[in-house]
Each structure stands twice: as C-alpha cells, then as structure tokens.
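Mind docking these for me? Both chains are given alone in their own frames, and the hints should help you get the complex.
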Amino acid sequence: MTKSPQDPSVAPLKRRARWRRVRDALAVVTSSKIALVGLVLVGFWVLLAIFAPLVSPYGPLEQDRDAMNEGPSLRHFLGTDHLGRDLWARVIYGARTILVLAPLSVLSALLVGTILGLTGGYFGGWIDEVVMRILDAIMAFPPILLYLIIIVALGPSAMNVVLAITITGAPGIARLVRSMALDIRTREYIAAAELRGENPLYIMFVEILPNARGPIIVDAMLRVGYAVFAIGTLGFLGLGLPPPSPDWGSMVSTGRQYIFISIWAVLWPSVAISSLVIGLNLFADGLREESMKYQ
Amino acid sequence: MQEQRSKTPVLKIDNLAISYETRKGDVSAVRDVSFRIYRGEVLGLVGESGCGKSTVAFGIANFLDRNGKIVNGSILFQGQELRGRGQEELRRLRGNQMSMVYQDPLSALNPCLRIGEQMAETLIVHRNLGKHEAKTRCLEMLERVYMPDPEAMLKRYPHQLSGGQQQRVVIGMALLNNPALLITDEPTTALDVTVEAGVLDLIADLRRDFDTAILYISHNLGVIAYVSDRVGVMYTGELVEQASVDDVFLNPLHPYTLALMECVPKLGESKDLSFLPPIRGRVPSPVNLPPGCIFEPRCDYARDVCRQKHPELRDILPEHAARCHLAEQIASEERPPAERPGVAAAAVEEEAEEPILQAEHLKTYYTQRSQSVLSLFGLGEKGQVKAVDDISFQLRKARTLGVVGESGCGKSTLAKTIVGLESPLSGEMEFLGFDIMKPVRKRSDALVKELQMVFQNPDSTLNPSFSVGYQIGRPLRRLRKVSRRKAREEVLSLLEAVRLDRSYYTRVPRQLSGGEKQRVALARAIAAHPKLVLCDEPTSSLDVSVQAAILNLLLELQREFDITMVFISHDLSVVRFFSDYVAVMYLGKICEIGPAEAIYSPPYHPYTEALLSAVPIPDPSAEQKAIRLTGTVPSALDPPQGCRFHTRCPRFLGDICEDKEPPGEEAGDGHWIYCHIPLEELRKVEAVVSLTRE
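Respectively, the protein sequence lines represent chains L and Y.
With my numbering applied, the first sequence covers 1 to 295.
With my numbering applied, the second sequence covers 1001 to 1694.
Hints listed in this document are in silico derivations from the structure and should not be mistaken for laboratory results.
For each label pair, taking beta carbons as the anchor points, the in silico distance ranges come out as:
{"hint": "1", "chain 1": "L", "residue 1": "Leu111", "chain 2": "Y", "residue 2": "Arg1066", "range": "42 to 48 Å"}
{"hint": "2", "chain 1": "L", "residue 1": "Leu111", "chain 2": "Y", "residue 2": "Gly1433", "range": "41 to 47 Å"}
{"hint": "3", "chain 1": "L", "residue 1": "Ile134", "chain 2": "Y", "residue 2": "Asp1435", "range": "37 to 43 Å"}
{"hint": "4", "chain 1": "Y", "residue 1": "Ser1541", "chain 2": "L", "residue 2": "Val100", "range": "46 to 52 Å"}
Beta carbons: idealized from backbone N, C-alpha and C, even for Gly.
Looking at chain Y on its own, in the form it has when it is part of the complex (with noise of 0.2 Å):
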C-alpha cells in the first residue's frame, strides 16, 4: 500500500462543486468534494438518494445534463486535468481509459446488436483492431466474467439474457479496454442478491486481475463494505466523512455515518434484543440548507458552534477524515449500544394455540397464452406460472411471520392470493374460522376489515387526487361505519401514531416524501383496526434511514394494536429483524419454514445457505461463507422435476434430487426442511455468518 501513496493517482478530485441550472437560480447539488483514487484500489462512495454520488461521478464522466455544471475544483485524471476541456480533447484524454457501468444493464446495451458485435465495438473504434482480432479478445473476456457458453452468447441479442448475464456483460464491455478507472454506479441494485454476489466476486477478481482504480457508488452499506478498500460517506452534496473501510464501519466518527450504522439491521438482530434508531428530521433540500454544518438540525450531538459555522473537513485520524466540529469528540466516547425506549421484551409468549392463519396446499397458478397465431383464437397451448405450488403454512396471533425470496419465487402472489387480490387454484386457506379462498369481491365487509395490506412503491400507493386525511378516513368510514364528525378525530390520532404532525391532514400526496407516504399507507392500513396486515416489500425503495423509521412503526403499532403481520422482503437482515417465524420460498414452494433463529442458523436448506452467504453485511468484521449458486433461476412456467431447486444446488446428491419431491424433516420446535439431506448432515454445516460483535 505505500508505495502506492507515492505513485500518482489515477483520479484525483479536489473541491469539485457542482450545480444544477433551475427556473428559481443554480441548485447546488455538490460541494466541496475532495478524494483520491489509486491503482488497484476501490473507493466507494455511499449516501441515501438526493446524496449527490451520481452527480460526482457524471461530473467525472462528463455525463451532467444540459443544465449541469462544474461550477469549482478540480478533476485529475492519470495526472491531466479534465476541467475546462473541450468536448474533443475529453475524448481524447478520456479515451479508453475511463469506464462507467450504471445501474440497468438493459439500457446500457443497444437492443438491436448482437452481444457480439456491441462489444467488438469497443475495442475496433478506440483501438483499431480487426473483427477477427477483436472477437477473440471478446470471447476471452466473456469467459472471464464466467458466462457459460461465450460462443453462443456473442450470438444473442440483449433481452434473451437474463439480468445478471446482461450486467457481467457491461461489466466486461467496461473492462475490454483495460481502462484505468471503472466508475460503478450502483451496478447491482437492480439484481437478485444471489446474482449480486456472483457480480461482486466478479468485480472484485477483475480489479485484482487488472489493477483499476474503481469508484464505487452505492446507498446499499453491506456491498460498500464488502467491496471497497476506502469509502467516502456522502450527504446533501458533501462528504462528511472519508476513511478505510475497517475505520468507517467499525470506528465512525461522523455523527451521521454513526447513525447510518445504527439503522441498518445486522444479521443476527432480532427484534427482542435491539432498536434500530432512526435519523429524525428529514433531508433538507438543496435550495434551502441550514447555515454551519448541514447536519446539524438532526444530530444528536450538536452544539451551538454547529449551528454557527461550516465545518471543514478535516484529519481527525491518520487517514480517516471528518466533517465536524466534535469529531475528536466522539472518537474517544463509548458508545452505549441502542436502548429500544421502554418496551418490554417478548412479552407475548402465552398466547392462544390456534392459530388465525393458515394454508393448506395452496396452488396458484397464472394462465398465459403462448405467442402463436393459434392462440389469438383460442386454440394455443396455455402454459402455466405456477406461481404458489402447494404452500402450506400456519400463523399465530400476533407473530409475525416473514416470508423471503428472490424474485418470481411466488412470494407477492402469495400475498396477494391470501388477500383476495388473486384466486387460488385450489387448496384451503382458513383466517378467523373465516374460508378465505374466495376473491375479495365476494368477501363479506366483516371479513374484509380484518385483513389489509401495505404495498411496495409509496409514489403509488396513495390516490394523488385526495387529501390525506380523506384517504385515512375511507376505511374508517366504510369499514367501521364511524361518522364523518368523529372520523376526523381518530385520523388525527392514526396521524400521531405514525408520527406525522396534525398539519398532514389536508396535505395532498404529491407533497409528501418516501417515508410519509408509507405513513400514510400504513395508517390507512390499520385504521380500520385488521387483525393481520401483510406488509409486501414495504421498505425496499426507501432509504436506510427511512427503512428504519418505519420498521420501528411496524413494530410499535403491531404491539399496540395486537396485529399479526406477515411480512414479505428479499432483504434478509430485515426479515430477521422483523419476524418471528420464517418461510423461505424458492420457484413456488417453501424450501424452509420455522421459528426466524432457526431459520439463520444451522441445519439449513440449500438454498438458504446459499442466500445467506450471499447477503452483503454492513460489517467487514463478519466472516461469512461464500456459496455462489450457478445458473439462473428456471422460468415457472416448467419448473424442474423433484426438488425445484436441484439445477442450481451445491449439495446436489443425486437422481433422487431430479425425481423425487423433498420431505419434510423436523429439525426443531416447527422448524421445517424440505430436502432429500438427511438431517445429521445438514446439523453437521457450520454457520454461514459468524458477527464478530454480538
């Protein structure tokens, strides 16, 4: 590492400012950003949305809008400045020494070329090679990003890969060239996080095998930990910190990166033994910043000189930069670890032995329509999704039970199958003594008001015609028949109970933020006062501050409205977090079901194994497994025979995994795994993650 120091950055950045040219004047977007980034090395660059991260690194690639600028500093790169340049002689100095990969490999790659052909493109225009030459280099390429079969994938077009293909593909298309600096933004938000892990790796050997300098951008602090070597916290347009990756997530000094730290849930947290604080106060918005440190309105530590004036950033520790005035301060506190502010722990134990939900063999399964001419008559062959393929599970009062998976495991139809919103194929599903297998429209009102759902995209989630008051009160109104007089008040009270003030009551959506939409939508959920709330993915588009703001809600309205939940997330910490019991669900079937400590810790199924050494921890103290899967997951339209899961496991035993369906093994108190394994072997693996800090 020193004898980097003395080598000269590949980028270098000093001061940069940049803004944004609106109606009302310049918007500063950045300020005052200064880094380095040596060969070999990878800095990310973490912060929640409206950060100003993408801003930096469009500023570097020249990439801004029309109504963008540099408005100050500087930008080194490989020792040229960049800054005041023309658009030619950018070319020229950038060249092909300076890759970018974004965030949906489906727009980065031309739709009508050949996968072939878009990459030889590369390397033909900046390095005047010849088609044949070029193809070579390509296939070399492909098979360093480990896809299967290169000769055949130079043949396809884009949309016949599958979305970790299409990124692997970017990525090499970024690297053909050997460029000195690969500036990442965000490059596997968009992926499963089995698929992310395998992208990661790949970043991770390339970068050795190449010696880049990357540039990481991400709002995600698990791959930030495990990707970078530095990393630089961003806020409202100005780092606030810089370190190591060791000295940030382990020792922050910033008061912000340290609340950062606080609110994402671990591995290994459950709800009865810790908090997640959230950050109070919101964002502010650029065009109206407070005077002195920007933070300061929602810091716990601030003092009257926060107020008053800027903080510089500045060494507080050899390598490990700050942006605030009692950063020594802090760096010699001990911190108490988070106290939940006066709830009792597992206070429901002896509850009642019925449970209030259950499913027996649920199938639903999606008609759909092959493409042939045939079909528009009706006569084609009709495939089925089968989406929910004989679920079973059962849900005490008041527990939660969280349900995981990657994408198209069925997790959502599930949720919308119980419901109401799907109709299940055939099976039984049993809620209060109630038969829930009907539709909701024929659903009685009773029925009904029992059983309500927090949706995943708060932007359309709220009707944008009403008022949010209004929009609280129709259930109310509807379901419990309660008057219009007395329906502004308890909308009132629902408004305080997910802490938003009074003031919200006549606001109209389109006013309100992520997080106060999904305040709304929750208060809407149990204002009718529903014994079971399913939650489908409802933190996964806010950031982690807000995510963490409203799981606390979650937990404080379930324990004061006795509500049971089930909660559906592809996020596993958050899961953990959050439930009690857990199913793990895989193409349609539960792979594992039992009590959430079971479930995170030996014996596993496969496939849990697998997501769990996948998950990128906000911690690089941790030790985790790393247990890629090959392949991609098969469509569900024709599942593979037996075990679901046999194409892509790592313990695959046999042919009894292709023809036989799994049983059921009881590894514990209701926990259930659903594998050919027997369970002495399974109790034989040791944990996937092992947090050095419990």
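Next up, chain L with everything else stripped away, as it sits in the complex (with noise of 0.2 Å):
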C-alpha cells in the first residue's frame, strides 16, 4: 500500500491547503470594514511612495526663488516652503522616508523584542528577572527623553533614528512575548518537544514563537502607527534627519517659522503625518477585532 516517495496524491493536497490558509488569512483582512479602510489610506500613501518620481513634476530639493511661500496653485499643487520648494514634491519624498524607516525600526523592535521576551518567558528563573528589570529601567524613562539623549549623543542620522524607535519599543513588544511565551510553555507538545531532546533555541522559535504571532503582529502595526508619530516628533524638535531631507517633521517644524504669513507648509506634512498614523492604526484595530472575533 505504500506508494513511491513522490507520491502525487499528497503534494497537490499540500498546494491546496496551503493556498487555502493564503486565502484564510486575506479573507480577515477584507471582512472588516475599519481594516479596509485603513487599509485604503496606508495603500494610498505606499504607492505615492513608490511613484514618487512620476507624480511628481519637481524635485524635493529644486528651489525656486521667485516662488517661496505661496499657496496652492496651478504651478505648484500644495504650494510651495520658504525656499520656494514645491510642497507637493516634498510630501511624498518625505513618504519614501518615512515608509522605510517606520516599519523597519519596528521590525528591528520586534526582534529585539521578541528575542528577549522568549528567552525570559521560557527559561524563567534569574534569566527571567534580569531581563525584566533591565527592560523595566528602560520603560521608567519617558520616550522622547530617551529619544532626546540617543540622538543627542550619537548625532542624527536614519540609522540613530531607527536605534532610538528600536530601544524605546522593544521592552513593550518583550512584555508581550513574555506573557504568551510564559502561558504557551504550559502546553503539552512543548513538553514533547522537550522529550524529544530538542534545544531551547528550536522550541523558542519553532514552537512557541508560531503559536503568538497573532497578538505580536497586531501590537506591531500598531507600533509602525506610532513609529511614524515618533520620527515625526523627532524631524519636529529637529533631532531627525538632517536637512535638507524631506523629514515632515522638520518640515513642519521650520514651516512653523513662517505660519503667519504661509499656512500651508506646515498642514500639508500635518495632513500627511495624521493620515498616516490613521490608517495604521485603523488598519491595526480593525485586524484585531476580525481576528478576535471568534476567540
């Protein structure tokens, strides 16, 4: 009864049920409305993003000297910044920034993150307390003063930008880790695996890790909402990246100078910055519900 080692009658079963989980996991996403939505706004500023050169008729450094600080007009659709760059241009090259640097200090978070909330959650024991009370102590300080002395002390740069984002996000992403790590731990094939001589690093990763990834992956794009608020906060107190980078915070931040006179350099990277964070956290909140909804 036992068929050749490439047996047909299993791998097509094995496409099948593959593609089905693909289909499954979609299928969260498009049922909820709130997700959708967010969903829609993110995308909206991802392809901007990714077209930026064709949407755009400037540069975001071309400066124009007859045409500083003006509104919206045919020449320049947003209008145009104190040195008489098209605000258009600016915005979505500053997407392209931001886009790229949110979701990667979050997933250097999360690694960070979840290295160290695994290791405390399985081993236990002084292994647990030490990496608690150091995360702990780095949680007691407010972020932006840790912002604050990371990029002061190491100088601004993306990179220095993305540390800073990395260390004041990783303890929260570790608690949570921790806490599914220290409830799955229980589970019996965790104790199988241990009986089957497995090394802690493969039951952490392999078998443990899987089981949590429903509550990390929401918590992490929540988290990319709250990195672009970050990197935003950041360009505003001028601690991001230097000029003359299209960073909406600094954006704003210099646009504040001439409020009185031009409003709109400081909306539109308002605009953009809270569109972004919206839909991020739409997205973020109405993932959760779906996937909640038959716990």
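Written out as structure tokens, the structure reads:
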C-alpha cells in the first residue's frame, strides 16, 4: 500500500491546503470594514511613495526663489515652502523616508523584543528576572527623553532614529511576547518537544513563536503608527534626519516660523502624518477585532 | 411501582426539539425526545459528548443560551405546561420545585459568600423563613449530606472546602426546598472515584428520604448503572433506547447501545481474554445528518431500509423502547462474545528476566514557598510537597505497568520523573543500562529516543501551527536521522498504523477531533521506535467509544513494535484491561504492586479494596461491596506519620499504623502489599467485586 516518495496524491493536497490558508488570512482583512479603510489610507501613501518620481513634477530639493511661501496654485499643487520648494514633491518624497524608516524600526524592535521576551518567558528563573529588570529600567524613561538622549549622544541620522525607536519599543514587545511564552510553555506539545531533546532555541522559535504570532502582529502594526508619530516628533524637535531631506516633522518645524505668512508649509506635512497614523491604526484595530471575533 | 404509574409524572417531555441559531442557519441539537419521570424515580440520560443530553436539561430548566430555542414539543412539569410561558410565570411555576446541580461545584457556589449565607438564601427567598429558622434547616441539611462538623462549615467560604464537600453543599442546597424534580448534569465527573462513590450514595439516600424525581445526566455508564431506575440512551440529539436499567445494560436492543456496552472495559477483563470492539466512523455533525437512521453509517446491522427511512421510537418489549427498524431481530439473536481479530493470546512469556526499567527509593519533592512576606525575600519557610516518596519498582520488556491512584497521589509526577521533565531528589533509576536520574536536557539523544510519552489532553498535545505530517515527521528526522524524503513515506505508514487516512498528512490539528488528535500523538510518540512509552491518562478526556479505539490501538502498537508501556490512569477498569502489572499509589507511596490479576482479587491493601468498591461498574447485575472512606486526602506537604493511609483506613489497627511505616509483605509471585495487617488476615477478605457474567 505504500506509494513512491514522490507520491502525487500528497503534493496537490499540500498545495491546496497552503493556498487555502493564504486565502483565509486575506479574508480576515477584507471582512473588516475598519481594516479596509485603514488599508486604503496606507495604500494611498505607499503607492505615492513608490511612484514618487512619476507623480511629482518637481524634485524635493529644487528651489524656486521666485515662488517662496506661495499657496496652492496651478504650478505648485500644494504650494511652496520658504525656499520655494514644491510642497507636493516634498511631501511625497518625505513619505518614502518615513515609510522605510518606520517599518524598519518596528521590525528591529520586534526582533530584539521577541528574542528577549522568548528568552525570559521560556527559561524563567533568574534569566527572566534579569531581562525584565533591564527592560523595566528602560521603560521607566519617558520615550521622548530617551529619544533625545540617544540622538544627541549619537548624532542625528536615519540609523540612529531607527536605533532610538528600537530601544524604546523593544520592552513593550518583550513584555507581550514573554506573557505569551509563559502561557504556551505549559502546553503539552512543548513538553513533547523537550522529550525529543530539542534545544531551547528550536523550542522558542519554532514551537512557541508561531503560536504567539496573532497578538504580536497586531501589536506590531499599531507600533508602526507610533513609529511614524515618533519620527515626526523627532523631526519636529530637530533631531530627525538632517536638512535638506524632506522629513515631515522638520518640515513642520521650519514651516512654523512662517506660519503667519503661509500656513501651507505646516498644514500639508501635518495632514500627511495624521492620515498615515490614522490609517495604520485603523488597519491594526480592524485586524485585531476580526481575529478576536471567533476567540 | 404500579401505583406510581397511575399518578401524574413529575416531568413529562413529549417530542421535545431544541435548536441553536447560528450564522449558517438553525442547528438542531435535540430532536424528538420524550420521557417521563415519576416521584422517587431516577431517570439516567446517557450518551457521549455532543449527543444533546445537557441541552435537554437546559431546555427543561430554561437555561438555554440566548441563541437556543425550543422549536417543538411540550414540557409538562407537575401537570403544567412550561413551554410558551413568560419568564415571571416560569419562575412561579418552577419556583422551588425544580433544582439543578451542575458539574463544577466551584462555579455553582458564590465565592464571596459563606456557605451558611448561600444556603439560607434559597430558603429565605422561596419560603420566606426567618434567618434563625433558615439556619437550623441548613444545619439539618448539612448533617443529612454527611458533612463533618456542620456548624463550622456554615461559616466557611467555598474555596476552603474540598471538591467532594462542595458538591455535597450544592446538592444540599438543591434539596433544601424539597423540590419535586432534581436535575443533575454530570455532578461527579470532576471528583475522585472514592469521593464520587460517597456522593452517589448520598444521592441514593436523599432520593429515598425526599422522594424526589431525579434526572441524572452522565456519560459514565458505570455511574448510570449504579444510580438509575430507568435509562435513556441518546445519540446525536435523538433518544435511541429507553428501558429499565437492567434491560438497557443486560439486554440492549439498539445497535448503538449494544456497541457502547461492548466497548466499556469492565473490571475483571484482562487484555488477553477480550477485545474492546470500537464503533467505527465518526459522530455525524448535526448540520450534516444522514438521511434515514442517523446511526446507520456506523451500524453493523444496517440494511437498505435503514438508509431510507428514519425509524421511530417504539416499544419493542414491554417498557422497553428502541429506535431501530431491526430491533426485534436483535432481540431474538444470540450475541457471540467479541472476537479479537486474529491476535494470539499471551504470546509473550519466555522473555528476558532482566528488567529494562527499574527504580529504587525514588523521591521527587517540589519546594513550595509559604505565602508570607518573608518569603518574598527568600527567607520564608520552604515546604516540600512530597509528590513521589520512596518508590521502587521493576518493569520487564514488552510488559505494561499500570499506575493507579486518585488525584494528588503522585502518578503524574512519577511519569515526569522517569521521562526527565522533573528532577528527582534522590534514589536510583536505570533504563536499558543508562542512569536516568538526569533531567531530559542532559540526556543523550540515544537515550531520549527510547523514552517517549503520550499526554492527557488531546487539545494541547499537538502544536496548532503545524501540519500533522510535519509533527509526526519531526521525531523521525531528529531522532532517527531519517532523510526528508524517506520521512514522508514513514509518516504515511505511521498514519496507517494508527488508522488514519493518508489525507491527514496535510491537516492541521484544528481540523481534527479529540480521538484523532490522540492518534496523531501516538504516532508521534512511536515514530522514533522507542522502547518505552509512558501514557499519562491518554483516554481520560475521550468518549467511551473513542477510548475503546485508542486502547485497542495501543495494544496493537505494543505488539507490533514490541514496546514496553507504563500506563497511568485513575480508571481502574481501564488499567485492569490494559496492564500486566499494576501499582496502586497513595500520597506518593506505593500501597500495592503486582500482577494485574493479583491486585484485583484478595488479598488487598485496604486502599485498593476501597478503590475497587468505589468504582462504578456498568453492570447492574454485578455485586460490589460498599466500603466508603471517611475524611479527605491529606496534603502532600505534611503527610501523616507512619502509614500514609492510616487517617482514612477502614481497617485501622491502632498505634502501629500511626508510628511505623508499613513493611512490604510478599503475597505471591511479585505481588507486594505494604500494610501492617498480617497477610493471613488479608487473605480471608472476600472479593470486592463479583461479576455474574464471567
């Protein structure tokens, strides 16, 4: 009754099962209206960022000394800033920076946080205590203060922004992962894995982590929103990317000085930050509601 | 009995049908159920999970979920129709005449109120009694339910009582108002066997004293046989057989009842002598019922008429109704005893004398910090839970050692110690020549490969994120170093060995039933071809028919792969059926150990005797002594001095039991009893159980 190893009756079964699982995952997104709205908002910015050169008639750094602090017009869709740079161009090129930096920082925070959380949750004992106390110490700092310290110490640059967000974001993620690991660790399939002599790394990343992914993913999505916000804040405080790069936060900050002459240089970047954060939050909320529905 | 027939029944259900509303439409959970209960009568409603018996109870008590509705039928309670009445009217009609007792006593009692307050509440609200009078009645009731020290009990909170005591309080509360009908939904499932026996005795006594009609719902056939006068058997929402308890158990007419009776292991059956024929197929989903008779796809007697026409419940014999087209035929047939499909009995005798697993003076203690402020600083007292205290045994190759005991006796800890998930404190353990005192992380892969375990809870034994094929294949690839390509072939043949279709290879655990998950767990455990498999209550959470299938599978696999097994359970009949040797544990010590037949017949250790007399046997014609233990199991933090069992022992001798640990007396070939009572005395004791149908 045994068939050959390349048993054709098993392969299509596997393919069909995998495809079905992908479809199920997508169905969760599409069945929540909130998530769809969020997805549309985020998608809008993502598309703009990708096709920036095609959509913008000017470059972000092109100055036009004849058209400084102008409002929206036919030539400049959203107006210009104090150096005559087209605001539309700056906003959508700024989207590029943010849409790369924010997910990158969250990913890096996820990595660090997950490793710490899994380690603490699985091993318990003094390892858990040490890890948790260090994270507690970091969480005791107000995040903005922590950003300030890190950026001032290391200098403003994209990588340091990522580092700052990682350091402030990792403890929260580690907490979440740790609590899930503590719960999953009591399951019998973990005992079965230990009985097979699996090493702790395998158990943590292959047995425990995939079963904790639900809440972690939703939390990560929310954090991308916070990261956008944080990058905007850092830019506003002058700690973000150095000028002349089109960082939304610093655009708001420099535009502030001319706010009585022309509000546009402040308005458009603010709208951009808000809409992106709202979109990300809506998407995360919608996902969370859908996945919680059948708990 | 005849006079009662002419009186009105306390509860009369006719053609009851209950459905649940779901997103996909109405799902019918109960269809066409009819029965009557008279005063002083107990009707046992038995069936496996999902058959709708609890739904019937909830429907009667108007406790259905918001999406449950009664679509048809009538419920006549003391002559009054309950269906179609408003909430307030129902309250008045039912009032204090109908009570219900649920499975989990802790969730039936309010944790914030003292016992006295809760009990008095029912009296004060329904009967308008004054506080003092209510208290007196509560005291009376607590004495009636055999509670020690009733005055002190009234002042305690629920969490300060043991499970058995809580259930007694709940039963007492239910009977305080002298209801005409008592509905009990699996009231003893969560309790230990000895405690359960006490509660069942209580229910029998109370029904005699109060003349209450009782609807007793359970999936445990032994309990139903013990407690009921009449029995109704349910299958997927329908009543398939209804008769007196003797008729249902000794002369069943419906094929499902027949099959159910055959697949329950009875005390006294050893694995060599009989076989548990499982019921093939799966319980149908209520959304997708077969046309015609719903049991037909799994029935050995099925004919064409069964596929086409849905049978009605009709009286085949006087007072014995069955829902089957072929019932008359089955009534007149002689049923041969179940044949084991072609396996030679007792093939192993001349095995090697060397035991492959031995333990000597094994001790595993858990440290427990006391709950004081000092302990936060590591300065508090450290208590030790003596879970496994000085255990010694030996196990030969290809044999099965059954470990029996109630909750808290240390059997799970023993299993985890052998396997390496817990670290023992002292003693010696040897397996295949290896010293296995080390925790599993420090054991070599070669050793780990030979020792595997099957766990209790099928829902958490498999990783929900991976497919069945991956999980069975993992031990293959890791421990037997089989290549990926060959592993797939091996996994498919393992699936076949556990009787699962090849399509299960890609399924995820979410899509499997409890029994199927346990089969996958079995396949995973034997994938690496271990020499010893420990089974920690693998069938406790499964239905009777599924349990039979898994037990048969374990036996087959044991023979095919020549595996030695340690089988842990609290169910004495299952252990008897399955084991060659049995060890009875109590509070961390072994009371009695020896070959299975020797344990189940005299001489007994007093605890074994009490356990055997407490097991509910699914055979109303069997005779069973009634030895009931008093008191509760002492805490393992501070076990009694001398013999651990002396605080509850019905054969307590005197000071010697309190002072000295009992020595082991050899009562036969490898049969040891650890008791101070001399063997000659113990041999004079009669057998606890005598089955007339041997």
